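**Student:** Sequence:
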Amino acid sequence: MAEHTSSSITIEAAPAEVMSVIADFDRYPEWTGEVKQAEVLARDEQGRAEQVRLVLDAGAIKDDHTLAYSWSGDTAPNGESTVSWSLVKSQMLRQLDGSYSLAPVAGGAHTEVTYQLTVDVKIPMLGMIKRKAEKVIIDRALQGLKERVESGAKS
-8 MAEHTSSSIT
2 IEAAPAEVMS
12 VIADFDRYPE
22 WTGEVKQAEV
32 LARDEQGRAE
42 QVRLVLDAGA
52 IKDDHTLAYS
62 WSGDTAPNGE
72 STVSWSLVKS
82 QMLRQLDGSY
92 SLAPVAGGAH
102 TEVTYQLTVD
112 VKIPMLGMIK
122 RKAEKVIIDR
132 ALQGLKERVE
142 SGAKS
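Just so we're aligned: 58 in the working numbering is position 67 of the sequence shown, and the numbers increase by one with no gaps anywhere.
Hints listed in this document are in silico derivations from the structure and should not be mistaken for laboratory results. In this text, all values refer to a predicted model and were calculated from it rather than measured experimentally. Hints may be right or wrong, so weigh each one.
Derived DEER-like restraints, expressed as beta-carbon distance ranges [what the hints assert, rightly or not]:
#: 1; residue 1: 96; residue 2: 50; range: 17 to 25 Å
#: 2; residue 1: 130; residue 2: 27; range: 26 to 34 Å
#: 3; residue 1: -5; residue 2: 63; range: 13 to 21 Å
#: 4; residue 1: 3; residue 2: 24; range: 19 to 27 Å
#: 5; residue 1: 44; residue 2: 131; range: 32 to 40 Å
#: 6; residue 1: 1; residue 2: 36; range: 26 to 34 Å
#: 7; residue 1: -3; residue 2: 57; range: 20 to 28 Å
#: 8; residue 1: 138; residue 2: -3; range: 29 to 37 Å
Below, computed lysine to aspartate or glutamate pairings styled on EDC-like, alpha-carbon distance capped at 16 Å [to be verified]:
#: 9; residue 1: 27; residue 2: 15
#: 10; residue 1: 27; residue 2: 3
#: 11; residue 1: 113; residue 2: 55
#: 12; residue 1: 113; residue 2: 54
#: 13; residue 1: 126; residue 2: 71
#: 14; residue 1: 80; residue 2: 111
#: 15; residue 1: 113; residue 2: 88
#: 16; residue 1: 27; residue 2: 48
#: 17; residue 1: 126; residue 2: 111
#: 18; residue 1: 27; residue 2: 8
#: 19; residue 1: 27; residue 2: 41
#: 20; residue 1: 80; residue 2: 17
#: 21; residue 1: 53; residue 2: 8
#: 22; residue 1: 80; residue 2: 103
#: 23; residue 1: 53; residue 2: 17
#: 24; residue 1: 80; residue 2: 54
#: 25; residue 1: 137; residue 2: 8
#: 26; residue 1: 137; residue 2: 41
#: 27; residue 1: 137; residue 2: 3
#: 28; residue 1: 137; residue 2: 111
#: 29; residue 1: 126; residue 2: 25
#: 30; residue 1: 80; residue 2: 30
#: 31; residue 1: 137; residue 2: 54
Heads up, the beta-carbon is just placed ideally off N, CA and C, and yes, glycines get one too.
Work out the full structure, taking the sequences as your base and the hints as a guide.
**Tutor:** And the structure:
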């Protein structure tokens, strides 16, 4: 059974600002070290990505895969929202499930972002090494997201 890895970070911006950066897949290669290409393949009625093809180079994990995305909580009264994804197809991965959960803090001026990730590769890999790779991916993604949002970079 696959285990998940998660980590959190506080970003000095409102949840809507953070989510707009997360949703801008075309710009992922600019701020995520591992994503080399991103292409939105399908969108929902609100124009949000439903399927995205990503070319990933995360050191030990290099892959060309497609993820299905779901979005929830955009209008939640408590301001919390989540985007989650699951693997559709991959060359190297058996499973890639994850989510960004956003919760307002400091009266909505800041956002606590929790990133959860479960990865299972087709090649044999020790659980300890896999969890370390997951942790590196999560930490880099959260730090990159924080730097991108706080720098004020707009699409």
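**Student:** For a quick check of understanding: which of the numbered hints are violated here, in increasing order?
**Tutor:** 1, 2, 5, 8, 10, 13, 18, 19, 20, 21, 22, 23, 26, 28 and 31
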